[in-house]
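J.: So you can see what is in the structure, the chains are spelled out below.
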Amino acid sequence: MGGLGILGTMEMARNAMQTARQGAEIAGNNLANASNPIYARQRVKIAAAVAIPTDKGPQGSGSEVARIEQIRDYAIDKQLVEEKGVTAFLESKQRGLQMAESSLGQSLDRQSVNAGDAYSTFGISEGVTDLFNSFQSLSASPTSTAERQTALYSAQKLTDKFKSVDRRLDNLRSSLNKEIKADIVNANAKLEQLAYLASSIGNTELVEGAANEIRDVMQHTLEQLAEFVNLTTSTNEDGKMSVFISGEEFITDNVMTDVMKVVTNGNGYHSAASASNGTALNLTSGKIAGAIDARDGGVVDLRESLNTLASELITQVNGLHTTGYDLSGNNDNTLNFFTGSGAADISVNDTLKADARRLQMSGSASEVGDNTIARALAEKLESPTINLNNMSYSEHYGNTVSSFGQELSLVNVQLNDQKAVQNMLQKQRDSVQGVSIDEEVANLVIFQRAFQASARLISTMNTLMGDVINMQR
Amino acid sequence: MRVTAASFGNDFRTQIAKLAERQMRVQQQIATGQRINSPSDDPQAMRRVLDLRAELRVLNQYQDNISKVRENSTVAYSSLNAMKKLNDRAGEIATMADGSKSTEALGAYSMEINQLLEEAVRLANTKHRDVYIFSGTNSTTATYDTARDANGDITGVTWGGNSNTTKVDIASGSTVGSSHPAEGAQGILKNSTNGADFISHLITLRDNLKSGTAASISDIKSNGIANVKSDETNFINHFSNLGAIQSRLDTSEAITRHQASSIDPLVSNEADVDMADAFVRLNEIQNAYTAALQSGGTLLQTSLLDYIR
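Listed in order, the protein sequences are those of chains A and B.
Using this note's numbering, the first residue of the first sequence is number 1, and each one after it goes up by one.
Using this note's numbering, the first residue of the second sequence is number 1001, and each one after it goes up by one.
Hints are computed from structural coordinates only; laboratory data are not their basis.
All residues carry an ideal CB built from backbone N, CA and C; glycine is no exception.
Since no wrong hints were added, every one of them can be taken at face value.
Listed next, with one range per pair, are the computed distances between beta-carbon atoms:
(1) A:THR351 to B:ARG1025: 47 to 55 Å
(2) B:THR1175 to A:ASP301: 36 to 44 Å
(3) A:THR351 to B:ALA1108: 56 to 64 Å
(4) A:THR351 to B:THR1193: 38 to 46 Å
(5) A:ALA189 to B:GLY1297: 34 to 42 Å
(6) A:ALA442 to B:THR1290: 28 to 36 Å
(7) B:ASN1287 to A:GLN79: 29 to 37 Å
(8) A:GLN149 to B:GLY1107: 50 to 58 Å
(9) A:GLY268 to B:THR1175: 46 to 54 Å
(10) A:GLN414 to B:ASN1269: 26 to 34 Å
To give an idea of the interface, some chain B residues facing chain A are shown, with a C-beta separation under 8 Å as derived from the structure:
(11) ALA1005
(12) VAL1049
(13) ASP1064
(14) SER1139
(15) ASN1164
(16) THR1166
(17) LYS1167
Derived DSS-like pairs (lysine-lysine); straight-line CA-CA distance at most 25 Å:
(18) A:LYS157 to A:LYS353
(19) A:LYS427 to B:LYS1018
(20) B:LYS1210 to B:LYS1084
(21) A:LYS419 to B:LYS1018
(22) A:LYS427 to A:LYS78
(23) B:LYS1167 to A:LYS380
(24) B:LYS1229 to B:LYS1101
Put together the whole structure using the sequences plus the hints.
T.: Here's what the structure looks like:
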């Protein structure tokens, strides 16, 4: 003989009911997390219980839950960590450059009405041509104080524009700088969290199987960290994790061994370095790198280019103006048209603003109606200038705008592509690890039926047992 | 591919976000009529538009310059015209004055010439927009300062101007003189090369008529008439000179205007949106958007749950 016997069979049914219930519980857990984006669906692994030996051979003794496993694709997870870093890099760079673009204020408005400045856009491009045109106008009426005032007014509009663009770009740089500092601190917090999670996984899995939920959070934290810095991870044979940021080890075998420190250069600009050995981190992806790229790349290039334009304008206009004679036939060779030395401080000389008659537009002391200087100034607009790479003012500015536009436009395109790649990966991951409500409900039905069947087995065995007990009446 | 609960939602979200963004972009293009607004939209086109618009502004400035120069030359022309009439009358009087006229008649002629002289000096001091147009580049000083005798008659004039002309750009690399000096090698009233000296000749004529002596009458006959002639020749020369300037200005303006008007289509090519195309695209996007919303709404409503009782 042998086998389970009536009581044994009832025991088996009880175990089976437990298995089915746990299966339903896991399906319920999946359903509960259906809208949790970081959750990876779980499955109960049901295994046949140990077979018992009988004289007819081993007989199955029902089922039991072997383990609860998580369904993840580690390759996609790893890829996503990388791609999220690149996306964050491009997004942060795009944001910086977009702000610079609006700071520049060079937009196109073809609907402008020819009814004064209030109806049209005014960028540096318009400012530069307006200034040289007003010199041109002045050359046609050299003694007119109205034309002189107009020239001074155009010059003031241009200098105001230069100053406001320069100030905005400077503010932009310092706000990007502040963000960089804050993000380094945030990234350190993520590192700390990651080390804590890694060691929790180690502790949990040492005693009681897979730490599925903590793994979800850890993957999410890794992705969050990747949005700050470029990182690589490695796992040793004991399952302990190490994290590297641009080659420097920050977490060694689940223990945080280093932090990122904020390094500030002579100009007050921040970057990240290892706190333990001071090595500067060469960040290539993540939003810190993106902000640094915008701060030290596009924004600076734009600002420097405008500064070159402004200082060249100051030098050239002053150079001619100081040689001329004013309406009273006097030459003051220290009377500059512009004061200041660059885009940040370019201004129209107050002396001239107070008295337009002192504009030195004549080439001869005895000829107030001479326009040599005014014409020479007007001609500067279109003539190539050595310090502007042999371009004219308007060409140089056009070049500045288009190369900046190109940089931003390139980032826009890259970001679009990048988002498409990330979306695809996310879709793939979702397809592997996401919860399908239909699937879970179907599983629920299966577990329900299994539960019902096992309950029926108990009641059948119960009847059998009753029959056995009542046999002797 | 396995489709999960989040798949629909995520996909749907990405899709409508993309469609909404495109809708906004096309809507913006239609509302502004422009394909591009900021440098990053199309950097190359923006560059070309900036260059073209700078060029347009420069051309407009040349047109302004041309009209200013034209104003000056028109004013100079009409003054010149009036002066020529004075000279014609002076010529008539010089011809009429001879020994047969009584001293009174000659005195009356002399008074008329005196008036012509006053008028000539007034015309020589013509100002336009606060500038003495016959003073060369010394344009804020009166062309002629007069010296008068006890009777208040003009005895001589001092030239306050110079013989330089203000050159004004009317096109890239092309200039035209906008002031017309009264004296000098190309003087309008006194020309050293052809002997014209309108004011002095009038003074001499007046004084000769006033004295009425035989010597002065013969001076009128021998020199006065010839002087009037040389002044007339000089005036006529300058008429043709001013005419030539005017026609140069006209040609230049026509060319500049033509250039300016050809720039706008070029800017339009770069920057303007094809409205018909934009409307069609907006329509397409809106259809897709509506369809996405509708299908999304229906799909997300159902699940197996609805069929299990």
